[in-house]
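Q: Taken in order, these protein sequences are the chains called C and W. This note's numbering applies: residue 1 is where the first sequence begins, and numbers increase by one. This note's numbering applies: residue 1 is where the second sequence begins, and numbers increase by one.
Do not rely on the hints blindly, as some may be mistaken.
Stated by the list, open to error - Among chain C residues calculated to face chain W with C-beta under 8 Å, some are:
1. Phe-45
2. Leu-51
3. Gly-95
4. Gly-102
As the list claims (entries may be wrong) - Computed footprint of chain C on chain W; a stretch qualifies when at least three of its residues, placed anywhere within it, have a C-beta under 8 Å from a C-beta of chain C:
5. 12-22
6. 32-46
7. 90-98
Quick caveat, the hints were computed from the structure, so don't treat them as lab data. Even for Gly, the Cβ is constructed at its ideal location relative to N, Cα and C.
As a plain string of letters, each chain reads:
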Amino acid sequence: GQNIDQPTEMTATEGAIVQINCTYQTSGFNGLFWYQQHAGEAPTFLSYNVLDGLEEKGRFSSFLSRSKGYSYLLLKELQMKDSASYLCAGGDSWGKLQFGAGTQVVVTP
Amino acid sequence: DTAVSQTPKYLVTQMGNDKSIKCEQNLGHDTMYWYKQDSKKFLKIMFSYNNKELIINETVPNRFSPKSPDKAHLNLHINSLELGDSAVYFCASSQGQRNTEAFFGQGTRLTVV
């Protein structure tokens, strides 16, 4: 399975850019997901990468390097509503998602 | 219309009791999951069903028994509840088992006292 490692917390100001890094072990790897979870709410899907490279979706982008077992989520033009936990998750061939502990992003005015 | 709905949203019960959490999805997905999120916010898969068949069964005490009467429903029954079972339980669904996003229900906060 994958061991997912991501920072615990990051703080940034409104309008700034934040990059959340995630490393994983590559055994049985079959794709890398990012989810957003606001306090007390359900996780919601942000992005999925299975091939190397950058996937861009509006203010959010996600990058994957399979050879390095590395991904990042880039949040641009930060807004207060982006304050949330961002979960990196590795998928295996059985469809099992292994989640990291999440990175709490705090956006300050 | 709620895509993945689970009931109840909150559940407070005493140790030793038996309780059930229900989950329904109206997305037409063929795969459903139960996840547990503990106090440290780790989200961990417990079970996965594809077309009513169990395909993932993580190391979960056998006091936890999932049941899928049809592919739109996946219920979770817990026997002899323990303090350590207190957590938020999320139901989720997806179309297919791989390379596909999962849609999560709003969660059931279980507190065992």
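Q: Each hint: holds or not?
A: Now the hints, each set against the structure:
Here the hint on Phe-45/C is kept, as its CB sits about 4 Å from the closest CB of chain W, short of 8 Å. With a cut of 8 Å, the hint placing Leu-51/C at the interface with chain W is violated, because the nearest CB-to-CB distance is about 11 Å. With 8 Å as the threshold, the beta carbon of Gly-95/C comes within range of chain W, its nearest partner Cβ sitting at about 3 Å, so the hint holds. Residue-level restraint check for Gly-102/C holds (minimum Cβ-Cβ distance to chain W is 5 Å; threshold 8 Å).
Coverage of the segment 12-22 of chain W by chain C is violated. Counting CB-CB distances below 8 Å, 0 residues qualify, and the rule asks for three or more. Requiring three or more residues with a Cβ within less than 8 Å of a Cβ of chain C, the coverage given for the segment 32-46 of chain W holds, as 6 such residues are present. Beta-carbon proximity to chain C at under 8 Å applies to 5 residues in the segment 90-98 of chain W; the threshold of 3 is reached and the given coverage holds.
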